[in-house]
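Throw the hints in and build the complete structure from the sequences for me.
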Amino acid sequence: MQNKPTLYELLGVAQQATMAEVRAAFRQAVEALEAQRAQLSSQEFNERFQLLRTAQSTLTDPVSRAGYDADLAPASQGSALISGPSEPTSPAPGAAAARADALGLQADALSLRAEALLARAQLESGAARRPPLGWSDRAPWAQRALRFFAVLGLMALLGFGLSRCSLMNAREQMAQREALENQAALQDYYQAHGVRPANMDELRLLEAERLRKENAERQVAAEQRRTEEAQRQWEVEAQRAGEEATRRALEGLREQQQEVERKRQLKFEIERVALELQYVTSEIERRRLELQLKQLRERLQAP
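Be aware that the sequence shown starts at 1, since it is given in the UniProt record's numbering, and climbs by one per residue.
The reader is advised that the hints may include incorrect statements.
[Stated by the list, open to error] Restraint-style ranges between C-beta atoms, simulated for each label pair: (1) 179 - 209: 18 to 28 Å; (2) 30 - 217: 29 to 39 Å; (3) 159 - 185: 30 to 40 Å; (4) 30 - 204: 32 to 42 Å; (5) 41 - 72: 26 to 36 Å; (6) 179 - 15: 39 to 49 Å; (7) 194 - 30: 36 to 46 Å; (8) 257 - 225: 41 to 51 Å; (9) 205 - 239: 20 to 30 Å; (10) 170 - 30: 13 to 23 Å; (11) 214 - 43: 47 to 57 Å; (12) 33 - 174: 12 to 22 Å.
To be clear, the hints were calculated from the coordinates, so they are not data collected in a lab. Quick caveat: nothing in here was measured; it's all calculated off a predicted structure. Virtual Cβ for every residue (Gly too), placed ideally from N, Cα, C.
Shown next as C-alpha cells:
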C-alpha cells in the first residue's frame with residue numbers, strides 16, 4: 001500500500017517552510033479545492049477541506065509542528081529502509097485511499113494537538129506551582145484526566161469545525177440556489193418583455209415601472225370607453241328625440257290636413273243646404289234646412 005502523504009506534501013510546501021508560507025499555501029490549496037467543488041461530492045469536499053485545515057493548524061502551531069516533525073523523522077527513515085526491491089502492490093481505489101489518508105492524517109494531527117495541549121498545560125502548571133517530588137507517581141490519574149480532557153477538547157473543536165463547515169456549505173448551497181433562481185427570473189423577464197435586467201433590484205424597478213404604465217394605460221382606456229359610451233348614449237338619445245319630434249310634426253301636419261278637409265266639407269255642405277233652401281216651398285222643409293244650416297255653421301266655427 002502506498003505511503004500516505006505528509007502534511008507538508010498536502011499543502012505543497014517544504015519541511016523548512018515558514019508559517020507565512022504555510023498559510024499562503026493553505027489559501028492556495030483552498031482556492032484550488034473550491035475550483036474543483038463542482039467535480040466533488042459534498043462529503044469529499046468537506047473531508048479534503050478538513051484535511052487542509054488540520055494540516056494548516058498543525059503546521060502553524062510550534063508545539064504541534066515540533067511533535068509532528070519528531071514523529072515524521074523516524075517514519076521517513078523507516079519508509080526508506082522498507083522501500084527496497086520488493087514487489088509493488090496494487091494501490092487502493094482512489095476515493096477509499098484518499099479517505100483513509102485523510103482519516104490517518106486527522107488522527108495524527110489530533111494526537112499531536114493533544115500532546116501539545118498536554119505539554120503546554122504541564123509547562124503552565126510547572127511555572128505556576130512546581131509539584132512535589134513523586135507527584136506523577138502518587139497521582140497518575142491526574143495526567144490521564146488531563147490527557148482525556150485535552151483530547152475531548154480537541155474532538156469538540158473538530159466537531160465544531162465540521163459543523164461550521166457544514167453550515168457554511170449549506171449557506172453556500174442556499175446562495176447558489178438563490179443565484180440560480182434569480183438568473184432564471186432574469187431570463188424569464190427578458191423572454192417576456194425583451195429587456196434584460198442587470199440584477200434583481202433592477203428587475204423589481206422595471207417590474208414596478210411596467211405595472212405603473214399598465215395601470216395608467218388601463219385608466220386611460222377605461223376613461224376612453226366611458227367617453228365613447230357617453231357619446232353613443234347622447235347620439236341614441238338625440239336620434240330618439242329627433243324621431244319623436246318628426247313624429248309629432250307629422251301628426252300635427254296630419255291633424256291640420258284633416259281639419260282643413262273637415263272645414264272644406266262643412267263649407268260644401270253649407271253651400272249645398274243654402275242652395276236647397278232657396279228653392280224649397282214647404283215651410284216645414286224650410287225650417288229643417290235652416291236648422292241644418294245653422295248646425296253646419298256652428299260646426300264650422302267650432303275649433
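Q: Could you tell me which of the numbered hints above are not met by this structure, giving the numbers in increasing order?
A: 2, 9
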